Amino acid sequence: MTNSMAEIAKTGVAFVIGSNTTWSHPVFGSMLKRAVREKGVKLIVCDPRRIDLVEFADIWLQQRNGSDVALLSGLQHIILKEGWEAADYIRERTEGFEDYRKSMEEFTPARVEELTGIPQDKLYAAAKLFAQSGRGAIYYCMGITQHSHGVDNVKACANLSLITGNLGVEGGGVNPLRGQSNVQGACDMGCLPNVLTGYQPITSPEAQAKFAKRWGSQPTALKVGLTATAMVPAAGDKIKALYIMGENPLVSDPNVNHAEKCLAKLDLLIVQDIFLTETAKIADVVLPAAAFAEKIGTITNTERRVQLSNKAFEPPAGAREDSEIIAGIAERLGAEGFPRTVADLWQEIVELTPQYAGMTYERLRLCGLQWPCPTPDHPGTPILHKEKFSRGKALLAPLTYRAPAEEPCEEYPIRLSTGRMLQHYHTGSMTRRAKVLDSLVPTGQIELSPADATRLGVRSGNRVRVITRRGSIVTFANVVERVAEGSAFAPFHFHESAANRLTNDALDPVCAIPEYKVCAARIERAEQ
Amino acid sequence: MLSLTINDRSIEAAEGETILAAARRAGVEIPTLCAVKGLAPTGACRICVVEVEGFAGLVPSCSYPVAAGMKVHTHSARALDARKTIVELLLADHPDDCLYCAKNKDCELQDLAESLGIRKRRYRSSSQPVRLDVSSPGIVRDPQKCVLCGRCVAVCNQVVVNDVLDFGARGAKARIICDADRPMGLSTCVLCGACVEACPVGALVFKEQLNCMPDGRVQTTRVTCPYCGVGCQIDMHHKDGKYIYSTATAEAAELQPNQGMLCVKGRFGLDFLNHDGRLKSPLVRKNGQLEPVSWDEALDYTAGKLAAVKAAHGPDAIGFLSSAKATNEENYAMMRLARGVIGTNNIDHCARL
Ligand code: SF4
Ligand code: SF4
Numbered sequence: 148m149t150n151s152m153a154e155i156a157k158t159g160v161a162f163v164i165g166s167n168t169t170w171s172h173p174v175f176g177s178m179l180k181r182a183v184r185e186k187g188v189k190l191i192v193c194d195p196r197r198i199d200l201v202e203f204a205d206i207w208l209q210q211r212n213g214s215d216v217a218l219l220s221g222l223q224h225i226i227l228k229e230g231w232e233a234a235d236y237i238r239e240r241t242e243g244f245e246d247y248r249k250s251m252e253e254f255t256p257a258r259v260e261e262l263t264g265i266p267q268d269k270l271y272a273a274a275k276l277f278a279q280s281g282r283g284a285i286y287y288c289m290g291i292t293q294h295s296h297g298v299d300n301v302k303a304c305a306n307l308s309l310i311t312g313n314l315g316v317e318g319g320g321v322n323p324l325r326g327q328s329n330v331q332g333a334c335d336m337g338c339l340p341n342v343l344t345g346y347q348p349i350t351s352p353e354a355q356a357k358f359a360k361r362w363g364s365q366p367t368a369l370k371v372g373l374t375a376t377a378m379v380p381a382a383g384d385k386i387k388a389l390y391i392m393g394e395n396p397l398v399s400d401p402n403v404n405h406a407e408k409c410l411a412k413l414d415l416l417i418v419q420d421i422f423l424t425e426t427a428k429i430a431d432v433v434l435p436a437a438a439f440a441e442k443i444g445t446i447t448n449t450e451r452r453v454q455l456s457n458k459a460f461e462p463p464a465g466a467r468e469d470s471e472i473i474a475g476i477a478e479r480l481g482a483e484g485f486p487r488t489v490a491d492l493w494q495e496i497v498e499l500t501p502q503y504a505g506m507t508y509e510r511l512r513l514c515g516l517q518w519p520c521p522t523p524d525h526p527g528t529p530i531l532h533k534e535k536f537s538r539g540k541a542l543l544a545p546l547t548y549r550a551p552a553e554e555p556c557e558e559y560p561i562r563l564s565t566g567r568m569l570q571h572y573h574t575g576s577m578t579r580r581a582k583v584l585d586s587l588v589p590t591g592q593i594e595l596s597p598a599d600a601t602r603l604g605v606r607s608g609n610r611v612r613v614i615t616r617r618g619s620i621v622t623f624a625n626v627v628e629r630v631a632e633g634s635a636f637a638p639f640h641f642h643e644s645a646a647n648r649l650t651n652d653a654l655d656p657v658c659a660i661p662e663y664k665v666c667a668a669r670i671e672r673a674e675q
Numbered sequence: 161m162l163s164l165t166i167n168d169r170s171i172e173a174a175e176g177e178t179i180l181a182a183a184r185r186a187g188v189e190i191p192t193l194c195a196v197k198g199l200a201p202t203g204a205c206r207i208c209v210v211e212v213e214g215f216a217g218l219v220p221s222c223s224y225p226v227a228a229g230m231k232v233h234t235h236s237a238r239a240l241d242a243r244k245t246i247v248e249l250l251l252a253d254h255p256d257d258c259l260y261c262a263k264n265k266d267c268e269l270q271d272l273a274e275s276l277g278i279r280k281r282r283y284r285s286s287s288q289p290v291r292l293d294v295s296s297p298g299i300v301r302d303p304q305k306c307v308l309c310g311r312c313v314a315v316c317n318q319v320v321v322n323d324v325l326d327f328g329a330r331g332a333k334a335r336i337i338c339d340a341d342r343p344m345g346l347s348t349c350v351l352c353g354a355c356v357e358a359c360p361v362g363a364l365v366f367k368e369q370l371n372c373m374p375d376g377r378v379q380t381t382r383v384t385c386p387y388c389g390v391g392c393q394i395d396m397h398h399k400d401g402k403y404i405y406s407t408a409t410a411e412a413a414e415l416q417p418n419q420g421m422l423c424v425k426g427r428f429g430l431d432f433l434n435h436d437g438r439l440k441s442p443l444v445r446k447n448g449q450l451e452p453v454s455w456d457e458a459l460d461y462t463a464g465k466l467a468a469v470k471a472a473h474g475p476d477a478i479g480f481l482s483s484a485k486a487t488n489e490e491n492y493a494m495m496r497l498a499r500g501v502i503g504t505n506n507i508d509h510c511a512r513l
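Note that the protein sequences, when read in sequence, are chains R and E.
No gaps in the numbering here: position 269 of the first sequence is 416 in the numbering used here, and each next residue is one more.
No gaps in the numbering here: position 150 of the second sequence is 310 in the numbering used here, and each next residue is one more.
If you are wondering where the hints come from, they were derived from the structure by calculation, not from laboratory data.
Treat each hint with caution, since some may be false.
Quick list of simulated restraints, FRET-style, between CB atoms [stated by the list, open to error]:
| hint | chain 1 | residue 1 | chain 2 | residue 2 | range |
| --- | --- | --- | --- | --- | --- |
| 1 | E | S163 | R | R538 | 25 to 33 Å |
| 2 | E | S454 | R | H525 | 40 to 48 Å |
| 3 | R | G363 | E | D456 | 51 to 59 Å |
| 4 | E | A329 | R | K275 | 24 to 32 Å |
| 5 | R | H525 | E | G229 | 45 to 53 Å |
Selected chain E positions facing chain R (Cβ under 7 Å, derived; list incomplete) [stated by the list, open to error]:
| hint | residue |
| --- | --- |
| 6 | V290 |
| 7 | L292 |
| 8 | V294 |
| 9 | P297 |
| 10 | V378 |
| 11 | T381 |
| 12 | A413 |
| 13 | L415 |
| 14 | N418 |
| 15 | N447 |
| 16 | G474 |
| 17 | I478 |
| 18 | T487 |
| 19 | N488 |
| 20 | D508 |
A few chain R residues that don't get close to chain E, going by computed Cβ distances all over 10 Å [to be verified]:
| hint | residue |
| --- | --- |
| 21 | K157 |
| 22 | N329 |
| 23 | P545 |
| 24 | A581 |
| 25 | S586 |
| 26 | R669 |
Predicted model, so just to flag it, every value in this text is computed and none were measured.
Just so you know, even glycine gets a beta-carbon here, dropped at the ideal spot from N, CA and C.
Same shape as in the complex, but just chain R:
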């Protein structure tokens, strides 16, 4: 997030797209609802489903799955046409305006209606509300990123924020809500194929030299490695060994049927986890790890706040902390001076990562610090890009519309989307072993509209078969008003009816994110 969650109370209008906030980030969802009710913050919600937040919205735009670039650009078309843009801000802080403006011309309300299904007057009202309600904050989640044009979606959000002068101001910003507790930190720590810690490019010889010197090792090749979504399909081919820590790709990856076949071809699969997950079951080596609360360490939340998480008690006898396991392997591979303790690792992190340089455990203890925090007396940075952008001026990127990789057709008429539920989390390896959560939602399900359910002759609780070009599952129907006719939504937490056997592994060409949010499916009544 460029800004902080608490700023929601100071914003004029919140624009939520591709985030079922009250389910996926419930506490922030509460903050949002409270800001609307108590402070009169205006709310625009864009979602194909009538999510709970719609009850609190001034305007709900129900776009077709995968048509977000058209929706966002349509808003910008109207803002530019009406002269509601922040002209001074655009002049002083952005570049590329002319090319960008031209690219927005084609997104007339009529065309946008055709692509998204959103009535023109609603689109106009939303554009006006966002442009004319003071500070505007954009919040998005995987509904924006998990598309074969996810990068375009993100750019479209950034453009909207820029032309209304909302980036770098309190109560504004472009705010991706990060899904996992430490997905921000894993990125910050350079667990990405293209960067070292703090986003220092792997292709920079200076950055490589700095790390190699600290580590007493040879620099790696000056070329970007494989992404997760490339490693799994390359398994058995270019990739012979895979070391997986705390992830469960056999439930979380797109097109699981294919992923399963690939992982089976590896010479060596190492899985380090706290349970025998679906992926661990097919591993060659399983290393039992300590869970959170059984170790100390830092976690970086969605607003870049680095927080200390403490050790409450010992891990089960026989399990070890991840850091200790990794050090044990490094030493056996002949690495000298590989840090053994969490404190030693932290010391290296702050030395090598400018954004973390001013942090100490002591300073993090009360309420963490938001990076960048470059010096020991720096108070942290709740709002990014206040004076300038990291590249100087922000680039307004021209955009065109691209349809999702797979559209409904006669054989697969339903637009299927996947995501999270309130009560479960990711591959369910933790939440499905939590008693209360398991009792609330013990089985997988697929949300269907009443109209489609009637046509299929199914009611809530009936078993249905869901089929796509990649696979099929049998699960329970959940007939709900919030889903639009012709659409369906399947949570992906349930390995026995894994929604990711259905999803499309088409990737965004730039960032290699899979298109979890839309594919074409057929639904049938199954034997009961």
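Given the coordinates of chain R, assemble chain E with the ligands onto it according to the supplied hints.
Relative to the frame of chain R, chain E with the ligands by itself:
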């Protein structure tokens, strides 16, 4: 600013500030049962009444604004007497099972009774006992213990904004209901647990608390929720190495990302820590089966195989998937292993998944 006296001490206060707020700032404790920090006063409990010179009746300090020259007595005999009567009336139909209550020794009603010197029952109500509501998988409601302070209603509607709890009726028949008077487990309750944390007594408790009476062995440790990216701070209550229940971190709550709130996952999703299925030994596949081995054997095997793959196919034949669930330190260690020891940039995690 204006000045007034509280218990004969001169105090500065802001225009519009309540007597209660001014007193608290000056370090004078006035007990309340209904006030919720950050929300407008409801005046429901009337425990906070104080005496103001020149006023005929007692004044509820939580809602009454200060005025210049006002002379307030927070602990005068009249104020104490009124408070005592209110508490005695609350106790009139309160069960006598403190010893078996999950809130024993952590109960604001108990504290009040003690500080007001209540030692015996003067009133006994004739109302019928009300049944427990155990329909929710995580929360137990005991309406018999409810003091109708309304804190749970306030937080449910104004803080977490889930709009489930309300007063079912006012006056003598008053009670707290879920939705249109449904059992909690069948209501729209999302189990955020905010009401339980707000309740001053044992009328709302977490089920897990009932299985574990508060004793000296229960410890509290502050952890970060392992689920979504909000990064809620949790005070984890545990005993003998086992997780029991969670409350939102109380220390500097307003500075924490969750501002005193949790969702159902942070609240009820952490007992996987105690699960029997936790892995307790390294496993290595032998003859097609995963078999328990010692740590030394597992690590030797792993390192040996990694070295062999690297020797045969080069470092880029090895891939590393780190974890968005692990700490920064662990992710850094994995990154260093991949780049600094194996020598490949094939490292990623599930950010996209
Ligand atoms: S249930 Fe607890 S918080 Fe709610 S009104 Fe009763 S005593 Fe107050
Ligand atoms: S308690 Fe809920 S909202 Fe808070 S971090 Fe955990 S999952 Fe996210």
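- [ ] Against the earlier hints, flag every one the structure doesn't satisfy and list their numbers going up.
- [x] 1, 3, 4, 6, 7, 8, 10, 12, 15, 16, 22, 24, 25
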